[in-house]
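Undergrad: Protein chains in written order, with this note's numbering: chain C, 130 to 469; chain D, 130 to 469; chain S, 130 to 469; chain V, 130 to 469.
Treat each hint with caution, since some may be false.
If the Cβ cut is set under 8 angstroms, some of the chain D residues that face chain S in the computed set are [claimed, not checked]:
{"#": "1", "residue": "Asn155"}
{"#": "2", "residue": "Pro179"}
{"#": "3", "residue": "Arg180"}
{"#": "4", "residue": "Lys182"}
{"#": "5", "residue": "Asn183"}
{"#": "6", "residue": "Tyr397"}
{"#": "7", "residue": "Arg405"}
{"#": "8", "residue": "Asp415"}
{"#": "9", "residue": "Ile469"}
By construction, these hints were calculated from the structure, which means they are not laboratory data. From the three backbone atoms N, C-alpha and C, an ideal C-beta is built for every residue, glycine too.
There are 4 protein chains.
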Amino acid sequence: MMKKVKVAVLGATGFTGEKLVELLLNHPLAEINYLTSKNFEPTSYSDIFPRFKNKINIKCEQFDIKRAIKRADIFFLALPHTVSMQIAPLLLKKKKKVIDLSADYRLKNVSIYKKFYKYTHKDRRNLKRAVYGLPEFFKDKIKKTNLVANPGCYPTSIILGLAPLLKSRKINTKIIIDAKSTITGAGRKALVDYHFSNINNNIWGYKPFIHQHLGEIIQILKDISGLHCKITFMPHVVGVESGIYSTCYVSFKKLTTFSSIFNLYKRYYKDCPFVRVYKVLPKLKDVIGTNFCDIGFGLSKDKKEAVVVSCLDNLIKGASGTAIQNMNIMCGFKEKEGLI
Amino acid sequence: MMKKVKVAVLGATGFTGEKLVELLLNHPLAEINYLTSKNFEPTSYSDIFPRFKNKINIKCEQFDIKRAIKRADIFFLALPHTVSMQIAPLLLKKKKKVIDLSADYRLKNVSIYKKFYKYTHKDRRNLKRAVYGLPEFFKDKIKKTNLVANPGCYPTSIILGLAPLLKSRKINTKIIIDAKSTITGAGRKALVDYHFSNINNNIWGYKPFIHQHLGEIIQILKDISGLHCKITFMPHVVGVESGIYSTCYVSFKKLTTFSSIFNLYKRYYKDCPFVRVYKVLPKLKDVIGTNFCDIGFGLSKDKKEAVVVSCLDNLIKGASGTAIQNMNIMCGFKEKEGLI
Amino acid sequence: MMKKVKVAVLGATGFTGEKLVELLLNHPLAEINYLTSKNFEPTSYSDIFPRFKNKINIKCEQFDIKRAIKRADIFFLALPHTVSMQIAPLLLKKKKKVIDLSADYRLKNVSIYKKFYKYTHKDRRNLKRAVYGLPEFFKDKIKKTNLVANPGCYPTSIILGLAPLLKSRKINTKIIIDAKSTITGAGRKALVDYHFSNINNNIWGYKPFIHQHLGEIIQILKDISGLHCKITFMPHVVGVESGIYSTCYVSFKKLTTFSSIFNLYKRYYKDCPFVRVYKVLPKLKDVIGTNFCDIGFGLSKDKKEAVVVSCLDNLIKGASGTAIQNMNIMCGFKEKEGLI
Amino acid sequence: MMKKVKVAVLGATGFTGEKLVELLLNHPLAEINYLTSKNFEPTSYSDIFPRFKNKINIKCEQFDIKRAIKRADIFFLALPHTVSMQIAPLLLKKKKKVIDLSADYRLKNVSIYKKFYKYTHKDRRNLKRAVYGLPEFFKDKIKKTNLVANPGCYPTSIILGLAPLLKSRKINTKIIIDAKSTITGAGRKALVDYHFSNINNNIWGYKPFIHQHLGEIIQILKDISGLHCKITFMPHVVGVESGIYSTCYVSFKKLTTFSSIFNLYKRYYKDCPFVRVYKVLPKLKDVIGTNFCDIGFGLSKDKKEAVVVSCLDNLIKGASGTAIQNMNIMCGFKEKEGLI
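For reference, chain C alone in the conformation it holds in the complex (with noise of 0.2 angstroms):
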């Protein structure tokens, strides 16, 4: 039997924090043994959050370097992007392994990075090395790095959806993708414009052009497929209480058919636990509370277009979920360990 890593999250009390822990609480391989909020003098994290009463019996307390790299051989930043930056490099200095969620190690180009996060990068040593987490393209070096870069929620969704058509060359560049997704993707924020009733019944557009997610779906694609889409990206918030559904557009160079598609996508995927391919689309809740990216189709008559439809649970598969998976990847655990 494998021995258990010790595990940390800083920032447990976000959404993706508090998913984090709720996964890792059921994974066999991992023991938590640090938790850390900017917002809590050292309170029982079963008190913040009594749905984890019973279930885990640890402090949630300010960040100290001294005290995680004593507790904690794995560290998930669960952070707001330019706080993992500066916090990254103290445990990487102490040979520990990072899993960053936040979007400071995803983007190569420091310019891209100031351009969308407004802000200069800080640890562009490190940023070299990084390895985008998604598993299901960069597996080989997620398996050798100790620092991932874990995907965006949107990115994840979409890039799942398009690669193996982009990859095969067999759409146009151009691509433009309707999305929509719950407030949690926002962050658990005191703010009037996300008080439940100004979410539940709604929907609305919003950075139609400009969402900073746009700058990460190109690099990756290119990273993926070598080719640098122009692509229209348009977010919506819609009243749900989790998931991403990305709806793609996309066009073809030459005729295709239904069964060349859906063929494509089995074989692309067909050793990835948590991509599921339908010849039908997909329904949101059916990956609600698990770690799959579910995929789907629909092909114009003419044969020369289609909706790729990609869909996911926003706080499991477009974070939390993917960086366990890094983590049983990194540690050389089996991919879907204590995932469901």
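Model the placement of chains D, S and V on the given structure of chain C, informed by the hints.
TA: Below, chains D, S and V without anything else, positioned relative to chain C:
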């Protein structure tokens, strides 16, 4: 044709203030002429709430007593308690009509006010003259006053539900009330507790035995029936967008029949345009968006006990709708004018 | 003061029929005098829908042509497609005005009707004379007709969103439309698929490239602009209680500016009381419960592409509200009469 | 390592059947080997419920006793009441273990069964031997039986909430219970009443004083405490996706203290892994997706009355979770095995 009255809404950006504006816009005899909010420098009201675009063309400003007096004759105070009692006297001195939606003028006994609201009352003079604005029981007094204390949302549903049985001396005075409410009753606040993800699909009880509306319920039931009730009041928050659903448990002094209860209520409310009496338990959704309070019953087989259910839209019959009903009565309009 | 017209709602127990009753009850110049439903033996309408108690006192009956003719002068047909075309001719023969909310009289081309609705049209004579009831573009024709084909919910939002750009020849005719709708658009049916637990918190796309509203969208956009568009139409169901939110992706023939688009729309809709044009993307909730269609834009940085978002309440501006707007125009009432 | 048991779920397409499959898939010592539903010809289970794709590869079939016997050793009967009693005897005769989630074996008194379920009991022989499957109180009997009557959802929450106070003789036997439940408790039925638009944002009480779970609550509380309670049980449907929240109103024989109640519950449930006792009122969401029952209290100032709140996920602790807990006990597994 009657002349329009000029009205002001102070606190126009809270939930009840916004609902007042919505309802007043459909009132044929009222003209909104002054809107205030402490949160905004003069701003077009429809910029704050885009849903009012093309419907109202007026600024929302900081309160100023001189402008207030010039602009309107009827003032709706949709202000926090303790604030209303500072402003109402200024308006009353200038012979304005005031309909206060806060708790400040509801409790005649200042020590009970202090007990529940932790604040020493500052306007005892007007408190004495204030009329409790429940038109179903105090219409004659409302006609003659210039200061209405508009009822609380829970009290409105509960008093309308219980008063006929108490007044007729049919039930014992020990009563249990289990109430379910939307979170909008707590006001539009930027709290993580009110985040969509905390409210949606959630239910919880709060303030058992000590909710601040308890004093109001007991006082008014006594004013109406002459009886001092021993009430257990247990409010709950449920993840619905609007409404209050109060389930009241009563016991009878003598065996009763369903039809005698039903007829009692029909008789009491025969001239009340906004109370509907049913032979079955009402559904919350049937009153949402309306000024109705729906009441229904269930009788035990031994005919000794009953549940009385009373429900309403907390922002309409539980606040702004009744406020307009009060305005109608104070101004000599038809009681139903402008209300649905 | 104008005389009230007597109106009938056929199919009064579906979602659009029920909404018609709700709206007509607030209409000062209409009197509901006949309600039918195939599902009920004569039953008090407020027994079927308790929310109408004390508001309407009329029975809902099985349709009978003789009674129909005696009872009303204006008929709203909130019937399934293929049923309307059997009843409308009988009413038109008796000089009644008919506003049909089904799809039966929307498509002039009977072979396109057959393609999308799998049914051979049975009333070509009236089909020719029917006027498409989108008041924003066909008001003059609506004034003179006695048969209005009330637009579909998706088409209303999409046509209002796209027509100005197409008519002005600014955009290419290849357009992608990603629409999000409440499930109420599918009618009040007893299906496990429509069970609360299947809809709440769910999102899914359906009928990619083949939804039956596609023919209507293309025909009417051509009628308005003279252009035959190549449209990709991708509808989704989302777990909201009401509304449609259509996101349209367009590309410009020449570089454009935000203000030129905005002004174009302001100009087109300056006399349309129910279309509001925004400089930002609208939010669905701002139109719920109203007859407004809200339109907003986002322009790409290269000024070659835009998203046009158009949203409405599917049961009001997308069905029953526009139907009443049409009635107002047909009867010479003010276009806004009785609508909010 | 323990050997896996082969299990069957009869009625695998209802809500509790589906939840059983979900939970059993995560159980390390159970192997699902037989799934039935009267609604389907042999169909891949993951075609019926796409969310199980890649997780289970088994057909859902019509029930056949011969196949049943060959396929499994433990049978979960997620069947309608009156159906279970026809199938359980066949399985028991073949020495199979049966966990019945219907009401058929819960009420020892067949006339009470008939009163509440309007059906004459057909299997009195097994009824006598059946053990009520509430592990917190009947673990020893569950260990030894091969027929468990799995408790109802309302009764589970209510009995766990009240039993300690009754058993300790601290409270009077007249108790009022106001319970709030998701609609999923009523089963997956194709009814317009269960349409999303009827449930979302709605609340209503139903079956006052006569709900069929009342007999079960009274019987089991008597079995546990020896006291015959006079219970007013008032269930409500609320528009939440899962869960039951029971608010119980009790009065004390003598003055009490908060800590004495709290300690009483802590003591009673100290060896119960799935009951959590709080000093505050619990929130429903903290138990959703788990097998926990959360209990909390509020005490009146005069120390004579209390509210006891008990909440759970109706499909897990209120049905399928407890069923698996019972399986664990019957099979000698750890009580918590496979449950979260």
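Undergrad: Does Tyr397 (chain D) hold up as a contact with chain S if the rule is Cβ-Cβ below 8 angstroms?
TA: Violated, about 15 angstroms.
Undergrad: Go through the hint on Asp415 (chain D) and say holds or violated, using the shortest Cβ distance to chain S against 8 angstroms.
TA: Asp415 (chain D) check passes; min Cβ-Cβ to chain S is 4 angstroms, inside 8 angstroms.
Undergrad: Minimum Cβ distance from Arg180 (chain D) to chain S below 8 angstroms?
TA: holds, 4 angstroms
Undergrad: How about Ile469 (chain D): closest beta carbon in chain S under 8 angstroms, or not?
TA: holds, 6 angstroms
Undergrad: If you take the shortest Cβ to Cβ gap from Arg405 (chain D) to chain S, is it below 8 angstroms?
TA: Holds, about 5 angstroms.
Undergrad: Go through the hint on Asn183 (chain D) and say holds or violated, using the shortest Cβ distance to chain S against 8 angstroms.
TA: Cβ of Asn183 (chain D) sits 6 angstroms from chain S, so the hint holds.
Undergrad: Taking 8 angstroms as the limit, does the beta-carbon of Asn155 (chain D) come near enough to a beta-carbon in chain S?
TA: Status holds, d = 6 angstroms.
Undergrad: A closest beta-carbon separation below 8 angstroms is what the hint needs, so does Lys182 (chain D) meet it against chain S?
TA: Cβ of Lys182 (chain D) sits 5 angstroms from chain S, so the hint holds.
Undergrad: Minimum Cβ distance from Pro179 (chain D) to chain S below 8 angstroms?
TA: With a closest approach of 5 angstroms, the Pro179 (chain D) hint holds.
Figure legend: structure checked against the earlier numbered hints; the only hint not met is number 6.
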